[in-house]
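Q: Each chain, letter by letter, is given below.
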Amino acid sequence: MTDQLASSLSAHDMASRNLQLTSDGQLRHFITLDGLDRAMLTDILDTADSFIEVGERTIKKVPLLRGRTVVNLFFESSTRTRSTFELAAKRLSADVLNLDINTSATSKGESLSDTLLNLEAMASDMFVVRHSQSGAPHFIAESVTPGVAIINAGDGRHAHPTQAMLDMLTIRQNKQRFEGLRVAIVGDILHSRVARSQVRALQTLGAEEVRLIAPGTLLPADVDSLGCTVEYDMRKGMADLDVVIMLRLQKERMEGALLPSEREFYRLYGLDTEKLALAKPGCIVMHPGPINRGVEIESAVADGPQSVILNQVTNGIAIRMAVMSMAMSGQVAERASRSRQQEGE
Amino acid sequence: MTDLPAVPALLDTLEQGLRRYLEERSIQHPLLVGIRTGGVWVASELHRRLGLDEPWGELDISFYRDDFSRIGLNPRVTPSHLPFETEGRDLVLVDDVIMSGRTIRAAMNELFDYGRPSSVSLVALLDMRGRELPIQPDVCGQQLTLPPTQRVKLVGPDPLTVEIREVKA
Numbered sequence: 301m302t303d304q305l306a307s308s309l310s311a312h313d314m315a316s317r318n319l320q321l322t323s324d325g326q327l328r329h330f331i332t333l334d335g336l337d338r339a340m341l342t343d344i345l346d347t348a349d350s351f352i353e354v355g356e357r358t359i360k361k362v363p364l365l366r367g368r369t370v371v372n373l374f375f376e377s378s379t380r381t382r383s384t385f386e387l388a389a390k391r392l393s394a395d396v397l398n399l400d401i402n403t404s405a406t407s408k409g410e411s412l413s414d415t416l417l418n419l420e421a422m423a424s425d426m427f428v429v430r431h432s433q434s435g436a437p438h439f440i441a442e443s444v445t446p447g448v449a450i451i452n453a454g455d456g457r458h459a460h461p462t463q464a465m466l467d468m469l470t471i472r473q474n475k476q477r478f479e480g481l482r483v484a485i486v487g488d489i490l491h492s493r494v495a496r497s498q499v500r501a502l503q504t505l506g507a508e509e510v511r512l513i514a515p516g517t518l519l520p521a522d523v524d525s526l527g528c529t530v531e532y533d534m535r536k537g538m539a540d541l542d543v544v545i546m547l548r549l550q551k552e553r554m555e556g557a558l559l560p561s562e563r564e565f566y567r568l569y570g571l572d573t574e575k576l577a578l579a580k581p582g583c584i585v586m587h588p589g590p591i592n593r594g595v596e597i598e599s600a601v602a603d604g605p606q607s608v609i610l611n612q613v614t615n616g617i618a619i620r621m622a623v624m625s626m627a628m629s630g631q632v633a634e635r636a637s638r639s640r641q642q643e644g645e
Numbered sequence: 711m712t713d714l715p716a717v718p719a720l721l722d723t724l725e726q727g728l729r730r731y732l733e734e735r736s737i738q739h740p741l742l743v744g745i746r747t748g749g750v751w752v753a754s755e756l757h758r759r760l761g762l763d764e765p766w767g768e769l770d771i772s773f774y775r776d777d778f779s780r781i782g783l784n785p786r787v788t789p790s791h792l793p794f795e796t797e798g799r800d801l802v803l804v805d806d807v808i809m810s811g812r813t814i815r816a817a818m819n820e821l822f823d824y825g826r827p828s829s830v831s832l833v834a835l836l837d838m839r840g841r842e843l844p845i846q847p848d849v850c851g852q853q854l855t856l857p858p859t860q861r862v863k864l865v866g867p868d869p870l871t872v873e874i875r876e877v878k879a
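The listed protein sequences derive, respectively, from chains P and G.
For the first sequence, the positions run 301 to 645 when the working numbering is used.
For the second sequence, the positions run 711 to 879 when the working numbering is used.
A few of these clues could be false.
What the hints assert, rightly or not - Derived Cβ-Cβ restraints for the label pairs, each shown as a range: (1) G/P844 / P/L399: 28 to 34 Å; (2) P/N318 / G/R735: 53 to 59 Å; (3) G/Q853 / P/G367: 48 to 54 Å; (4) G/P857 / P/G527: 39 to 45 Å; (5) G/Q853 / P/G644: 33 to 39 Å; (6) P/A339 / G/D776: 24 to 30 Å; (7) P/E508 / G/D776: 43 to 49 Å; (8) G/F794 / P/G367: 28 to 34 Å; (9) P/Q473 / G/R758: 43 to 49 Å; (10) G/A716 / P/G506: 23 to 29 Å; (11) P/E564 / G/I781: 54 to 60 Å; (12) G/L760 / P/Q473: 32 to 38 Å.
Claimed, not checked - Distance condition first, Cα-Cα at most 20 Å in a straight line; then the derived SDA-like pairs of lysine to any residue: (13) P/K575 / G/D776; (14) P/K361 / G/T788; (15) P/K390 / G/E795; (16) P/K361 / G/K878; (17) G/K878 / P/V396; (18) P/K361 / G/E795; (19) P/K360 / G/K878; (20) G/K878 / P/S637; (21) P/K580 / G/K878.
Note that these hints are calculated values from the structure, not bench results.
Beta carbons are placed, not taken as given, at the ideal position from N, Cα and C, and that holds for glycine.
Looking at chain P on its own, in the form it has when it is part of the complex (with noise of 0.2 Å):
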């Protein structure tokens, strides 16, 4: 399954484009953002900006999902990803089961479908899933019962469509629409599934420009169909910008011989003061998290006004409940449907 998952992840998005919709446009798993068009993405952030609101009253919890199981189905560890989806289910009112798999390459595929069996039996309603191998949710979503949801918490290099969606939640907080927006992602791009989802959604709503400014070494062989514009310079690329979206630089790339040194790589790609100010005034600071500062973010840059970054971890429980809420909404109209189909037969 490994091999497969690997090879055919255009197939995957083809295929999940169907998979995640009802018959009648409803999402009924969050896999990927392709397929998915621009009001279904706005109907997202609409509502999230309910949920924020949510947040802000003496009892954050909403009854949605009282009475369902949401599991956490990490097969790669991420304190901050499960601690917001965990957050985010139990202001659903979910009951929330956190399972940290750790998976050896050779039994991956091995342990997915045998982890599985073993979920089936527990009667969830949702699957949260982060797995380092590309496709793992969208096999999960094709193996489940009718009537569980699946949720992409981050797959490979393949897609982290929730932290795409808090982004554009705190830019639309920020810049109010994504038209005439310049938005650039700066940094590891070839190892990021954060970037490629990011790019997807910026392009599906409407921003002017995605521009990618990273080493060559840190961009992927296809950059040129993903329809960015590309910076290798980092000065000449912060022009007109509203946005500047960091990648984190992880520390074991350097050891790859893709990079020179840590200090080389903050002195050309590092996101300081002064790069700052060669963007539009007004333009926004976001990192998905954890900081390396002095690494890709200058710490004055990370704690100065122009940082949105705390606003993107708030943004993130918003976001996820909206997908958790949206999906499982999908999953019971889906239900409904066919009893009645059912009952006509």
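Given the coordinates of chain P, work out where chain G should sit on it, guided by the hints.
A: Just chain G now, kept in the frame of chain P:
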């Protein structure tokens, strides 16, 4: 065919009834909370007529409906907006039409997530009867009895009118 009431006349009745009710209960500083969409129109009109200083609130009860398991989420949910503290205050919940009472139950559940009000009263422009829960308005513009296949709907906001719509039995 039932004669449809004129909304200005209904609002007159509602205003008089609410003034009397608040006086009887010695409520001097009520906070109006309208349920979207029609209830907000009625609440804003009552707010103007009563000359209240504090703003009115708006509730979207989509996250509190009891039929999520049957029909899912309202696709056009908008944020609720209560621009005041509710703790210890006298709230007046306002809706355009009360029928089963389920909307009001959902609204009360939502209200209590903002704090513990001193009291909650209920105002409805029209009472369709057909209650499925033990919830009654304290002040009502008019009771209306329609055939099972018909529902009344407030259309607005300018002007506010009521319409009869056919539904599947």
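Q: Failing hints, ascending?
A: Violated hints (numbers, rising): 1, 3, 4, 9, 10, 13, 15, 16, 17, 19, 21; every other hint is consistent with the structure.
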